[in-house]
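**Q** Take the two lone chains, each set in its own frame, and fit them into one complex as the hints suggest.
Chains as they are written, first to last, in this note's numbering: chain L, 347 to 1095; chain U, 255 to 386.
Be a bit skeptical, because a hint or two may be false.
[To be verified] The list that follows gives simulated cross-link-like pairs (lysine to aspartate or glutamate, EDC-like), each with its CA atoms no further than 20 Å apart:
| id | chain 1 | residue 1 | chain 2 | residue 2 |
| --- | --- | --- | --- | --- |
| 1 | U | K276 | L | E842 |
| 2 | L | K1046 | L | E1060 |
| 3 | L | K405 | L | E623 |
| 4 | U | K276 | L | E838 |
[Said to hold, decoys possible] Facing chain L, a subset of chain U residues (Cβ under 8 Å, in silico):
| id | residue |
| --- | --- |
| 5 | Q317 |
| 6 | E320 |
| 7 | A361 |
| 8 | A378 |
Source of the hints: derived by calculation from the structure; they are not laboratory data. Note that beta-carbon positions come from the ideal geometry of N, C-alpha and C, so glycine has one too.
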Amino acid sequence: MRVEDEASARSSFYATRPISRDNLVPEDPVLGLVAFSSPFDPEPSLRIEQGRVVELDGKPEEEFDLIDEFIARHGLDLTVAEEAMALETVEFARMVVDPAVPRAQVTRLTAGMTPARIAATLALLTPVEILQAMQKMRVRRTPSIQAHVTNRVDHPLLIAADGAAAVAHGFRELETTVPVFRDAPSNALALLIGGQVAAAGALTQCSVEERTELELGMRALTTYAETVSVYGTEQVFVDGDDTPWSKAFLASCYASRGLKMRFTSGSGAEVLMGASEGKSMLYLEARCIAVTRAAGAQGVQNGGIDGVNVTASVPDGMREVIAENLCVMLHDLESCTGNDTLMSASDIRRTAHTFPLLLAGSDFLFSGFGSIPAYDNAFGPSNMNAEDLDDYLVVQRDWGFEGGLRFRPDDELLPLRRLGAEACRGVFEELGLAEFTDEDVDACVRAHGSLDVPPLPGDLPGIASERIMAGGLTALDVVRALSARGFDVAAERVLEMIRQRLLGDILQTSAILDEQVHVLSSLTDPNDYAGPGTGYRLSPERRQEVARVRQVWAPADLAAEQVLAEGCIDLAEIGPARARVRPDEIVVGLSPAFGVEIWTALNGMTVAEVLRQVLAGIEEEGLASRLIRIRRSIDLGYIGSTAARLSGSSVSVGLQAKGTALIHRADLPPLANLELFSIAPRLTPELYRALGRNAARYAKGAAPEPLLLPESSEPLGPRYHARVVQLVATERRLSSAAEPVELEATWPS
Amino acid sequence: MAELSYPLSAGARNAVRTASGKRVSELTLEAVLTGDVTADDMRIAPETLALQADFAERGGNPQLAENLRRGAELVAFSDDELLRFYEMLRPGRSSGAELDELAATLAERGAERCAAMVQEARAAYVRRGLIA
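Pulled out of the complex, with its shape left as it was, chain U reads as follows (with noise of 0.2 Å):
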């Protein structure tokens, strides 16, 4: 997808994919109604995620690209475990290991990035002793 260019809505509804494999443009009125798509079909696509991490690169805010980036790792992630993770990343609600834990989960299904932030997060907290 690297030639689509910004904004994606205008030249790219049919080359954009959901995270479940359907095209963009396929979500219509009549398909919605026929039940050919559903709640899955509704969660963008760790590709699109990184387009826009590139356009945002581009447009000099790399701080925005990496969260993108970020969030291009979670998609994988079910509502309920994100939640989880927030929680466990909140001031004093986990040990350490169980940090360590967290980073080793997201590292495992590939979310580097977010791994590391975790592990970053986890020795700040030890520092500053807000570690359960």
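Bound conformation, chain L alone (with noise of 0.2 Å):
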């Protein structure tokens, strides 16, 4: 055989990388399989007969489905339906990403539009296009970040203590769910405790089927509800056993009892059901956004949602899920912008699909952030989880978008998780739902998951539900438990919740509350981005919450790491560095801080350390060495040519105090070198000594070994570069305008 027919080295190693576990499909627009622009999709029209609909994008009435009838009746604003659709598609495409184009004019006309228009005009966009119109025409000013709260035992202690967590780390709706179908009244009831104690206003859902989410809401066991599900393609929606008037019903039910609701769409769905009649899946989405207004709910929550994956795996599915999002922002709806499913193996391209977003802004970036372990989200893993919570804090700090979150040290993030644990606990016991040990309540405090959390005895979840159901409980029973038990500050949070419910303004067009329970909606937060200079920017308070990270590293970490080795080494100052004393001997020249300030090198090892292993490996060889300090410069190539040329042999070694080293000889112009470590960082102490051995073998005119470093892909600089700035700002600081001095080393036993 020969070496050709055979796979090469590199694709057998590109095999081995998680994306190629991802399935990647040729467009198909027979089976729907097409993100833009479908052979099958109908040429926009309108046609206005007396003040009615008669066609709608290539169909007449008669022929209208479900979703057409719906549109056509309750969609269209035709006072400017004849304007709008007589305007080039390119033309509205300029207006909807210009920023001097103002918003309320985009959608003004965008009501007057047909889907097949919409998706027309989005498939114009390119990326950034589609990113810098998000940035002008989402609703909100501000934007807001959604939570799951789960895990795969339904444990209401973790529910609360997890949801706790949440509202610390800046999450402004929680939505939980249940592998079992059963608990979720125990997981509705947990949360909406958990959800109060960090701050106030939290809102909070459990999704399930429809019918038990609507009971949940009229509880007041939940403040807002979201899986309330419309499809582009009449066969899907009727599939989903709802049709548009059922679902717009189900709305007004929710509007009845003050509770905020947003609907659920995005791409991939009709696809999946095997039902998507050959269109694209921006038209059929734009079809349910179209619905969504239709019927008067306030927001969408899409962006592939559990069809994702199906999105993502033909040519342009990505930039279909933003053009899929700024179709909603077009329709003046809330936009809960997905980013809810792990949609690839690979962390570079799961990344790449929610990264844009965060730059452009949404009214929630995550339609369900997974603020616990992946393993732990019931909704199966989120794009990010807790466990990619630091990563996301980080990218925030860099950017400076706002992301929503902040950091939560232990010290702040424990004592709220045992309160959200203990007023649950409370809460259940008082309403003799179920009974928990301190075991239980210590372990879901410090948790990571469920997998550090005791087993509940029995059916625990379940039994809870079913008492929950049966007492008729409701939000006032949990008021009276939180008090009776001492949490009179969790007690008034949900009591606030409840008046929030009749005062009603949590029903406007992405209404959230913030932590001081002030409302952020289309009426009091409207985005008023029209340019450079204008629209939300993080205030000066905010940009600090965001700098600050785990990761930080304060200068002063350095002074107390350096203090566990001072002393290690004692180098007096003997008098002026004299000039080449004997032919057989090395000079070892050594930066201003080397054993001064600076007593630990980057790779762990004492200065000390570091500099006996140097003068081993010349006296290995048979040489002898003397020491100088350079006080001049810190600059390691000046060091090693000034004391080169004060050595006898002509050659030297450089020392910084951070450990990077180097050989030099004094014909050599300074920063010339015969050998240099400069990846100070994964030297070893044998390394530094066949450095000594080295400087000497070059003296004796024999020939050096090669030394090579151990292999290593680590990124060194983000770890060591804002260490090396502290070091070499030290450096600096003790260089002066004088000579080399002379330096006898002692060790201390």
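**A** Shown next, in the form of structure tokens:
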């Protein structure tokens, strides 16, 4: 067999990469596997006779399916339709993107456009144009973020502790669901309690089957709902056991109880259900969003929700996902922009899915960031999970976008987790729903996930749920129980959530409550982006909060680290450095802070040990050594060059306190060298010793031994550069316009 | 309440009443603990929804306003009734006559907008073969 008949080592390597576990497919419009512009998409059209829509996107009235008819009767502003549909598609596309065209002008025109026209407009936009448009078109000025709070065993105390942590991190909507359907009331109750202990005003929901979800809402055990699904083809809509009218009625039911509610759609669902009618994903999604607006729901969760992996499998899939998010914004609806399903085995690819949206901003950047570990996510892993939180916070710090979250160290977080777990325990016990032990609480306070907590007896969440439902318990009972157990602050906050549903402010588009329970919505916090210098910007206080992450390394930490090895060597100055004492010597030149204020090199060795190894290497080759300190420069080339010119053999070793080392010779220009160890963090005692030996061999005219650093692809810059800056600053501070001095070293035992 | 402005939570807690007639400001922790507040007091008033509908209309979303007005009509119905009506509107659940009856029930109790919506649904369901 020829070499060319086998897979190359490189392609065999690629086969092992996570990206190779993702399955991608060619476009196939018949199956609906096409992101934008299927050949089967209709030509945009709208015919109105005597104030009645008689043709919509190529279909005459008598052929309307349920979706066409619902949009035609309720979804179009006929007073602007003629003007809107007369616009050239590209002209409207430019208005959507151009910051100088006011947002309100775009939403006014969109209200008179058909789904096919809007889909055709969005198909013209590049990714950056979509993002630019989003910055202007999202409804709320202040972006926010939603969390998933679930676990694989429906542990109520863990849900409460995780709910408290989620709010502490900045999430303003919390969504739970169940692996076991009958546990839903217990989960909803636990989240309601946990969600109010860290701060006031977070909205909570429990995503289950429509009827149960509504019932939980009616009892005020939840404050909003989101899992009201709509679809882009009639077949799939009916398969989902609903019609646009039943969904619109459901929307009104939620309104009648003062509950915030949004619809859910998202491309890929129709393809997965095998009934896409050959239409493009974006066109079908544009229909879903038109139905949502027509039904009077205030917002949409979309952006490839459960179907994201279908959308992701076709070319332009991710551009389609942000285009459908933008489509929601054009309709002046709350955008809750997906990112709630792990879309790739590749970390690079899944990050690339989410990142552009973070820069542009939306009303809810995630319709469920997994605030719990991926294994505990009862929705299935989100595109980002608790494991990724620190990465998210650092990226938020890097770019200065509003990601909605903040770092909370353990000393702030654990007391809040305990409060959540204790309050939940108190309510469950006060209401006779279940009993817990102190060990249960302690484990939930500290837990990363449900694998860290002792199993609950029997069917505790199921039995508690039955009691909640059979006893007709409502949020008022929760208020009383919290107060009876001494949790008056949480009681007052849960009561405030009841008052909010009586006031109805959160029924307006994009409404959330901030931690002072001020409502931020389309009416109080409208997006006013109109180009540079306008729109949402981080306040100075928020910027400071964003800057505070776990990985920030305080300069004081370096001082503490250096103090540990202080005095590991004593370098006494014994007079001005002398030139050329003997031909068999190597002069070792040390930097200004070496063994003065810097005692530990970047690789963790003490400077005493670094120097001892170099000197031992020189001695092994039978040469003598002499120590001098260079004070005029911190540059290693200058240090080595100065030492070489003072050396009897003309050869020197230069050492910086952080551990960078080289071999120099008097006849070379200062910035040249014979050998250089530039990657100080990866040096070993053996390498320093070998460096000393090689210096001696150069002096003797013998061949040096080849020195190889150990293999590694670890990125050293991010790990060490901040520290290098501090060490270099110390070297600089100790440098002076002084001549080199000779040193005598002693190693305290 | 026509002079009240959005958000009602900011300045209108005294003016806004629950469906049961209490002022929202009366729902204090103390009142809950003494039993002066019951589950009946947890329901938003139709007038409040009408007010929010006006805010939505002025904010440029007539469909949201319409939904809130339908919601206002439904306040008086019990949870069980609403769940039953919703079930009846699902595809293939009801005959034409049953949907007529539902519309009549809604209209009788003042839910004119919802009744009209049910009638519209009935016609669409008949045309698309979704009648039981």
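**Q** Let me make sure I understand: some of the numbered hints might not hold for this structure. Which ones are they, in numerical order?
**A** 2 and 7
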